[in-house]
Structures are given as C-alpha cells and as structure tokens.
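Fit chain B to the known structure of chain A by using the hints.
Here is what each chain is made of, one letter per residue.
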Amino acid sequence: MGRFKGTEKYVASRELEVAVNAAVALQRPLLVKGEPGTGKTVLAQEIAKALGYPLIEWHIKSTTKAQQGLYEYDAVSRLRDGQLGDPRVHDIANYIVRGKLWDAFEAEQPVVLLIDEIDKADIEFPNDLLLELDRMQFFVYETRKTVAARHRPVVIITSNNEKELPDAFLRRCFFHYIRFPDRETMERIVEAHYPDIRRDLLREALNVFFEIREVNELKKKPATSELLDWLKLLTIEDMPAEALRSSDAKTTLPPLYGAMLKNEQDVHLFERLAFLARRRGQ
Amino acid sequence: MFAPFILALRAAGVPASIMEYLALLRAMKEGVAGFSVDDFYHLSRAALVKDERHLDRFDRVFGEIFKGLESPQGEAPRELPVEWLRKLAERVLTPEEMEQVKALGDFDTLMETLKKRLEEQKGRHQGGSKWIGTAGTSPFGAHGYNPEGVRIGQESSRHRRAVKVWDQRTFRDLDEDEALSSRNMKVALRRLRRFARTGAATELDLPGTIGATARNGGSLDLHMVPERHNAVKVLLLMDIGGSMDDHIRICQELFTAARSEFKHLEFWYFHNCLYERVWRTNRRRRETERPTMELLRTYGPDWRLVIVGDATMSPYEIIQPGGSVEHWNEEAGQVWMSRATRHFRKAAWLNPVDPSHWRYTQSIGILQRLMDNRMYPLTLAGLETMARELAR
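These protein sequence lines map, in sequence, to chains A and B. If you read the first sequence in numbering that gives the first Met the number 0, its first letter stands for residue 0, the second for the next number, and so on. If you read the second sequence in numbering that gives the first Met the number 0, its first letter stands for residue 0, the second for the next number, and so on.
Next up, chain A with everything else stripped away, as it sits in the complex (with noise of 0.2 Å):
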C-alpha cells in the first residue's frame, strides 16, 4: 500500500502525514479540522491521487440524513409504478437507490471516501454512522440483504467546528487539525500552485495578507485558498510590486480585494479604519 506524502501541488506538513498514514493503516476515518479555506477538501483528493485510488465525494448539507449515505427506498416511485401497473413494481430491489457508502463499500478496488463538513448535519448524524463506519457494513431492511465492504475505503471526514461531534464518533477517528500556515510554509504553498510567480510581488501580497489576518474583528479571515485566489487576479492583472508596497494594510483596501474579504461588514471595517486612519494622519 502506498504512503501518503505531500504533492507538488499539495504541500503536507509531516505531521498531516503522519496522521493520514496512520488512519490508512489502521482503516479509521481521519477526521480534519481547520480553518476554513486550509485545505481540507483538497486533501482527500490528494490522498486518493496519492494513493491512485478513485474518490466519492459525499458532501453534507443541513438536511442529509445518515441514511442516505447508505441507500434509499424510493417508495414513492413504487407507490407511482403500482397506480400504473408497472411490473418492476414486484421487486422491492428496485426502488432501493444506493448512497455513497453503498458505492464505497461495493467499489471493486479501495476508494477514498470524503465525507465533506460533517458538522453541516444535524446534530445525530455522526451517531447514525458509527456502526457502519466502525464495521464498515450495514442491513438493508427492505431486502434482508447485508451490505460490506470488500475493501475498507479510506475515510477522509472534515469539518468546519459549526457543532460539536459525539465522544463515541471521535473515539472511532483519527485526527487531524490543519494549522494555519506559517509565512515560510505559506510560500512553499503559492509556489507549489504558481512556480513562476514574481518573488517581489509575491513578497509584498504576502506582507498585506499577513497584515489583513492579525486585523482582529473580521468576520471571515482570509485563508490559504483566499490568498491563491487574489495571487492569481494580481497576476491576471499584471499588478506591479509597488501597487501592494504603498498600502498599508490596516489603513486602505488593497488592490483587488474582493478576492479576500468575502462580505460587506469586513469591507465596511476596512474603509472605517481607513477613514479613521487618513483622519490621525491630517
């Protein structure tokens, strides 16, 4: 079985490594946490290129229920089939959709499974999945049938700390917190992504990113994939080093901002503090 490094495009700090190779190991989800924008998603992806693996992707919102990851009985489609006398009507099997569990355990060689912001569902959800990720198999009711997994998939879970998730669930996981990163990774980072990006300009965009973080009070900090985006737009733009080197931070909006402070109340902070500022400075 291949081991998990860090990619070109992907940089993995040894500890991620660690923890990745740990839960492929042992066959326990990996639970990651961090930030928003640190690379979380990114990172199943880079596990299952990593290990040439295929990916599901299972992502969860509000309303998904642990039980369509494993499969659903579309009784309504048969209740429809029977009013028109359709004779796939008879057989219950038919109306059993498979979930992205049932896909993951069926898959003819391992996968990586994502379970993306597990903390989006509702507050049970984690607990609905304990058996079937501990056993990694699960009944289905309708067809008395079992349902394993012919190879343990690598469960990749993330999530955003929006609730708290069950003891037992965790007991079960291996974890990982993504720490922001510093300067020295962070530029390993942009590299990795942009190899032939300007050193000043990237010099001077890191300086102003740095600089709008330890702004306390915004709502949404700009993060890792905020900074590649706004990397790009300046590059896109052709903006010269000088451009970023004028504005200080905490006193104007940097060039292209709308690329790192994602709503109106941060934008707002910055021009108040900007007014603030040029009204110190008469």
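The set of hints was computed from the structure by calculation and includes no laboratory data. A few of these clues could be false.
Stated by the list, open to error - No more than 25 Å apart at the CA atoms, straight line, and that leaves these computed lysine-lysine pairs for DSS-like: (1) 232/B <-> 220/A; (2) 119/A <-> 262/B; (3) 220/A <-> 262/B; (4) 119/A <-> 232/B; (5) 60/A <-> 261/A; (6) 220/A <-> 8/A; (7) 218/A <-> 32/A.
Okay, now just chain B, sitting in the frame of chain A:
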C-alpha cells in the same frame, strides 16, 4: 507500554480512552511512526486527541512525560577524559568568558554540564539525528555565553523542531476548557430550543398528501413541509470585571455550554449596568467597543436577550445619569435597560448571586423591576425557569 502517558493525559483532562490507546499501539506495531520521536509525537496526537481545544494540554503532558527520553536507546553514556573537556572548553570559550565562568564561581559544575552535553551529543550523532537543545537547561545560554561557540542549539535539525512544536504550545488559544463540566448546563439550555418550521420543504406532509390525493381522484399528489429546525437566536450580554470577577468562571461555563445549542449566539460584555457601549473582547476592550444602539439595530426583536450579571452595585449606577463608575454616561443605566427590554421582548437576567441575598441589595431590586421580574439565579433550576420563560 505508554500507560503512564495515557494516565497523565487523562489527569490533564484529555479524554483519551482505552480504545484510542489500543489504536495507538496498533499503529506503532504497523510501523506508522517509524523510529523518530517527532513522528511518535504526531502519531500519538492524531490518535489520542480528538478536539483542537485539547491540543495544548496534550503538548504540555507530552513534554513532561517524554522529557529526557529523547535520546535513542542502547547507547550507554561514555566517560570523557577531563583534559579533553578542558581543552574543548578553552577552544569554545573566549578568555573573557573563561574569566566570567570563574567569576561565577563553580567552574567544575559548568564542566560537569558541558560533559553531559557532549555525552548526549555523541549519543545523538550515533543515533543518526542531530544535536538537541532543550530550552532553559543550558547554563551556557542562561549565563549569556555565546551558544554558537559551544554549538548548542545551533543546528535547526528536524529533531529539535519537533521538541519546539510541543514546547511552543501553539494551540494555547484553542483551549477553552470548561466544556466537560458543563454537560448539565447543556441539558437545561436545550430547553431553549424552539422548534419552528422554517427552511426548505423536505418532509412529507402526510395529512396534506392524503387530502390532496383523495381530491385528485386517487392518483398521488405529494405535499411537503419544511423540517423542524432549531431557530433560536440568543444575544448574551455578560457583566465583566469588578464584583463579577468571582463569577467569571461560571459565566464562561455557561457560554461554552450555550454555544452549540443555538442557531445564532452573539455575546458582548458590559460592566455593572448596561450603558451606551458594549464590547466583544475584554482584553481589547477599546478596539472592540460598539454602541449599544448599534446592537439594538443589528439584532432584531426575535433575538432572545440573556444578561448575565450580579446586578450588585450602587443604585446611582442605575438611576443617575453620570452614575457609572468608570465613565461619564449621558443617560442613566435604567434608560438603557428599558430600551433593551422594550426592543427585545424576550429577555432574562441570570444572576449568580444566591437568591436568598437578593433582597439585601437595593440594585438587584431595581434591576429586577426593570426586567419585569425576569431575573433568575444562575443554577440549573434557574436556567430551566428562564428557558421556559424565553421559549414561550
């Protein structure tokens, strides 16, 4: 094998269980960690810690338990010739430094330390990793000697970085604590949840469907209704500083408990009585201040207002303009209180002071009146009554 480690973790409040311990042992057996200390650190952290709030505690315990165990095993310390040591010391220390050493008195002790260092260094080299400088134990560094001369802690090897990781305690800010003991508070606050039907239609409306299908002559006509959702929004105002210092801990507990229970929870601080300004972070009060008017504009009347405070102060602080102890307030505290209660129709005051003492403090009586008697003790029973009142 690592039983003392697990026990120390549990003692420090990291809820690691036997299951996680076994997982760690299995991972070690599988060879996930290889044979380096920092890999073991990363692995044990991934296996034993499940909440970023506990990472800091884990780092502390790890540092304590594994201090001094960093060198690889199987290498017995060897005796170093004293002459060689002295020569080395002369080479690495300048004459002035030697003088200083003598001035400090005990040259032999220093030599002893140098000897130990060198032994360790030797062992480490054979183990294939580099020199490790454990912070604060080098007498050379501590007394201002040139550490580069002695080559202590100069190399930034991987090994040393790992030590720094748990010595740095990067996760200190995430340790919110108190969440464990607040389980019973959670139960009481759960009552605050108000179930309201909002959002997308996702559930089958059974009576509606039956009715519509019947009207449709028997062919199916589905009707959906939105699912039940927890739609409670809570604005928490906490009295901080002064006479409240005794109660800060219990307030924090309440806050941690409350956070996961509501759709929205906003919290602000004030001092003694509500005036024209509130703030977000007590440490950075000046920067995070907001006008109370803005608060009233931002949060609609559908928010529940919960004030936590001991309401113990001089009556002037409530009824007199300019009565505040720390600034000149144009309007009296009671004006602001009634403004807030008029805006937030569902409001309550939680008071950590024992109710049997309430009648001895005049200001509690005044605020009790201003809150229309919706003041409750900060106890489980009080919380339940408050929750029932707010959920109506």
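- [ ] Could you tell me which of the numbered hints above are not met by this structure, giving the numbers in increasing order?
- [x] none
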